[in-house]
Structure formats: structure tokens, C-alpha cells
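Trainee: With the hints as extra help, turn the sequences into a complete structure.
Chains S and P are the protein sequences, given in the same order. Per the numbering used here, the very first residue in the first sequence carries number 1282; after that it's consecutive. Per the numbering used here, the very first residue in the second sequence carries number 1282; after that it's consecutive.
Think of the hints as simulated: they come from the structure by calculation, not from any bench. Computed from a prediction, not measured in an experiment: that's the story for all the values here. Nothing false has been slipped in among the hints.
The list makes no distinction among identical chains, and a pair is therefore deemed to hold if it is satisfied within one copy or across any two copies.
27 Å max Cα-Cα, derived DSS-like pairs, lysine-lysine:
(1) K1610 <-> K1564
(2) K1592 <-> K1556
(3) K1610 <-> K1406
(4) K1556 <-> K1610
(5) K1430 <-> K1406
(6) K1501 <-> K1621
(7) K1621 <-> K1610
(8) K1621 <-> K1579
(9) K1570 <-> K1430
(10) K1610 <-> K1592
Number of protein chains: 2
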Amino acid sequence: MAEHEVILAGEEPQFFEGVEKLLEVWFTREDGRIDNCNLRKIPRHQLVSLLKIVRCEIISSVQNDQLDSYVLSESSMFVSQRRFILKTCGTTTPLQCLEPLLLLVTKYAGFDAVEDVYYSRKNYKRPELQQSPHCNFEQEVAVLDSFFKDGAAYCLGSVNRDCWYLYTLHPLRGPRRGTTEPDQTLEIMMTDLDPEIMSIFTREECSSAAEATLRSGIDKLLPDMIIDDYLFEPCGYSMNGISKTEGCYMTIHITPEPEFSYVSFESNVPLESYKEVIMRVVKTFRPGKFVLAVFANKTSVAAKAPRELEKEASFGDWLRHDVHYCRFKSYDLTYALYSKFPS
Amino acid sequence: MAEHEVILAGEEPQFFEGVEKLLEVWFTREDGRIDNCNLRKIPRHQLVSLLKIVRCEIISSVQNDQLDSYVLSESSMFVSQRRFILKTCGTTTPLQCLEPLLLLVTKYAGFDAVEDVYYSRKNYKRPELQQSPHCNFEQEVAVLDSFFKDGAAYCLGSVNRDCWYLYTLHPLRGPRRGTTEPDQTLEIMMTDLDPEIMSIFTREECSSAAEATLRSGIDKLLPDMIIDDYLFEPCGYSMNGISKTEGCYMTIHITPEPEFSYVSFESNVPLESYKEVIMRVVKTFRPGKFVLAVFANKTSVAAKAPRELEKEASFGDWLRHDVHYCRFKSYDLTYALYSKFPS
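Mentor: Here is the structure:
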């Protein structure tokens, strides 16, 4: 969420693209000796410079012993030992930072190889407003292909309606390099949200981020999270949560304007099933439609979650319209689109 | 397969796009009274005119009591009471015939509604050689969207490598109109084929289509088919098979030139499992890679075949690289890519 323009009486609010671009890169070393390597050694002023290229800035940060969490002017960044996550909305340009990021990693963090890459996003509401190379997925893929071999690009869902793009490394031959560290991610991308709930995320209704977090029930979505939240002027909301006991995170970003409302929820909290979390999230925000993307690798406790969701035809009043179940070398993935009935 | 140019000694053969565009349209009536309706009432000279628009022509035909089967200069056409199938390769333009097709159907066949549409194709080897609106999938979708509401467009597989495009009707609300007639389709699209096998499909090696059919083993792929086969000059092969006892069909098209070899197999033969047929087909042609697409609706005996194939990680020496399992309103679909190992 970026700072939104002040809405003048009788004027349409200026459009804001809530849909984020999500870049997640896992680093390793060719010789496997990663004990002394750490992305968190990259100095903060270098991260600030990196984010300038992306066209956003840090507005708040918290950390625990495994994870640095940043709330940005446009969404969030999470840095752990070998995983870099940059999630940015609006007209930011995260793929422009790939080259400088790889240089910083070599210089400060000690890694010499990329183990895996995930670049993903929902279809934009207004793609014509994006900056190069983010105007279309083909452009984005061309940039990624210039850095990585064995990259495979997918479009899940309907190309001419709601869809979700994914680029990841998917070598044709042989097993993937690297460890089998458990990993899982749940993403929920919601549109056409309940205006009454969205009004919570305005300065008119709430005087602080903490008030919005409590009144909306965001604090109850996942237990035991240190919450770093931010309420924008005049509206808009971002929060990062980092686990008090584990290295996991959650993040929520809210564009509340009724004309282009959008809410994203993301977490890597390890659960055998995500059904209850998903139900809590959609009951909290009441979207007209939502897209799910659930990844899990074989060593994750969530290994069977993509399969479980592939079989889930509804969540309460939300009926499934599209579902794709995909298998990659080490991850299973379910993409699904649900919409409220009656709408 | 179109007639191929004569290859002069020392010259590269002229490129030919084997990849077909496949249009399948099911017709019905708003009042459900289809007993007196029949696509086979459309006069042959009208079909000939229709195919002129598509840039191909009829070179052979056979029929039984349920089905008219046509071998075309570029692939095949099948017309039954309410299902129209047009599969054309090269630089043909099947979507240009949609409007005249709908007019012919109204005038001669008595239907007044489209029940379902499937337009699909693999990615072209050389998209830049295609004619409008077939230069890219977006163009094709725009044409289809101008005729049909509730059309959903998908790209299965990897956008920047091997993929398969599909457009079908997928209304957001309510059940699909129409019957629950059992239906199923198996498609196998093969590339990088064994040159020794491909040489069978040249005039140099075989003096007749019947000889090529027997020597390759095509006659043994599915039992009890009336075979209408054609061997092009100097190379290339097409065959349609129609069942002696049922209304089902099979069709094979072969572009044998090693530089751009391509073979497609398609059938709607109803089987509980397609594993044996797939194994027979890939052993017959020995592709370096192949793409599978298997559709079945709930009333089909093949209803569980998409699920079975989603779980099938290999066929003999061919290992799976990509798989997507999708659910539509009335059909399940599995897309998968396999490649030979070691290649």
C-alpha cells in the first residue's frame, strides 16, 4: 500500500493498483557450505538504495533472530539467512533490482548461486499504467530469462479473466540443486471487498493502525505474531507479522477504495491444512472474489495441503470457479478462484 | 498435413507448421427439441466454400450412420448430428469461418444455440508465419470472445516453453445448459520424432498411404476402425478412422521432416483408462517430447481418466515434466508434458 491521494469531495479517487508483484529468491553456494553466508549481512543503506530502483522505501521494520521484516511505502520485504522476499504493489518495478540484488548478495552475503526463484502476481486491474518491464508477463519473463536458465513461466486461471502468473526454476533434467528444507506458502488475493469492512482501513474511521488491526480482527488471523502495522493517509493499510517462536511471517496489504478494492494475505506458517485459516481470512474481509495459491514441498507439514485444496469446491458462501493443480520438481501447487454466491 | 514442397538436393526443406488449430463446437436448441436438427444436412458444396475461407480443401471422405469424416489438404474435419470438429494445420485460419459456420448451422441444421466450444492448440513452432487472427492467442481469444459470452481462455504448461492453449465456455454462474451426453477426448501432440519412423511417411519409402499405415503400425493403435489415409507428395501423412460399431473417431497427422517433425493423435474412443493407448502411440512414433491433453465429463466411462493421468509420472522412457489438472463445470482435464530420458 502506498500513500493514497487525498480524495476531494465529489472527485473520483485516483486509481491505485493494489495487486502486488512478488519476488522470492533462495540463495545457496555451489559447494553447499552456507553456514557463514547470510543475506541479513547486507547493510541497510544498501537495501534502501536497492528499493529506490524499485520506486519504494522502508517505512517501518521489526526483526527476530531468524528474520528481518520491513513494511514498505508499497507493501513489504522479508530478509532471512538465504531467502529474500520483495512484495510491491502500485507501479513499482521489482524486476529492475535483480542485477543489483545479485551483486549485493555476492558482495555481502557470501552466496554464489541462486537455488530457486519465484516471481508471481495476479493480473493487474489496469496493466496499461505499469512501468517497464511490468507492462505484461512476456516482458517480465524476458527479464527473468536473461538472469536464469531453466526458468518456466505459467499462467494459471483464465487468461482473459482472473489469472495468476508464476515464473519459477524448473529444470528439464535431473533433481533440483539444494536442500529439502520444508517450505510452504499460502496466498489469498481478494477483490470486490465488503465496503463496510474496507472503511475500517481509512483515517476517517480509525485513528491508528493498531485500532484498524483490532477492529478488523486481523490480530486473530494467526496466533503469536509480532505485528508491525501501518495505516496510510487518507486510507490504506499494511501489516507484517513475524512469529514469536519460529521463523515464519504473515503479511496483509489493503487497498480499501470501493472502486478498486484489493486485499492480499500471505503467510509461510506451516500447517497441515489451510482450510481454517482461509475461512478466517475470507470471513474477515468478505471479498466478492478471491484467488488462492498454495505451495508446499515434500518435506513440509503442509505437503498435502495443495491436494486438499484441489478437492475443496467451496468455502462457505464462496464457490470455486477455476482450479489448477500442478506438480513441479519439488513443489505441489494449487491455484483456485472462488466467488461469492449469490454475488 | 498439406502437400509439401519438393525438396531439391542440398536445399533445406521449406518449413511446415504441423501444429494444428482444433475447433470443436457443440450445437443445441434453446427449447431442447433437437431430434430434427442435424449438422450433416449442411450441403457439401457449402462445406467446401467454408473451407475455402479457412484456406484448405477436402481431399477424401468416408461416413457411417453417425459421422461424416473428411481428410483435408491441411488435417481433418468431422461432422456429426450436433458436433462440428475442424482441425487444421499449416497457416490455415479456422477462426475466420466461425461466422459463416453459424449461419450455415441456422440455415440448414436447425440448431439455434451453441452449447459448448473448445478451441485449442499447442504453441506453434514458428508463430511469426501465421495469418491473422492466429498470430497469437490473445488475437484468437478476442475473435472467440466476440462470438461467445462466458468464454474462458487458458494456457496450460509453460508459456515460454511447451504449452497448450484452450478456450472454452465456462459460465461463472449456474450449471451449463445442455445434456450430459458422455464425452471424452484424448490428444497426444508429439515433437522431435524418431527420423527412422518418420521416413515411413515419405513417397521415397512408401508407395501408398496403406503401406505407410501398415508399416508404421497405425492400423493397430485402435481396433475396428474404418481407415481413410493419405500419403502426401513428397512426404506427410494424414488419416481419419471412424468406428465400425460406434460414433467415435480417431485422427493422425504427420509432418515427417526431421527439422520440424510433428505428429498428432486424437480420438474420442471411450475407455476407462488411456494408459495403454498412450503407450502404444508413443512406442509407435517415438517422440523426443509429447504433450497430453485428456478431457472427460462426468457421465463418460473415461470420467476417471484425467485423474489417473495426473498421477502418472512416466510412460516407459518418457518422464513427466509438467502437469496441470483442471476442473471445469462439467469436464475434468489433465495436461501433461513428457520427454524422453536420456534424450
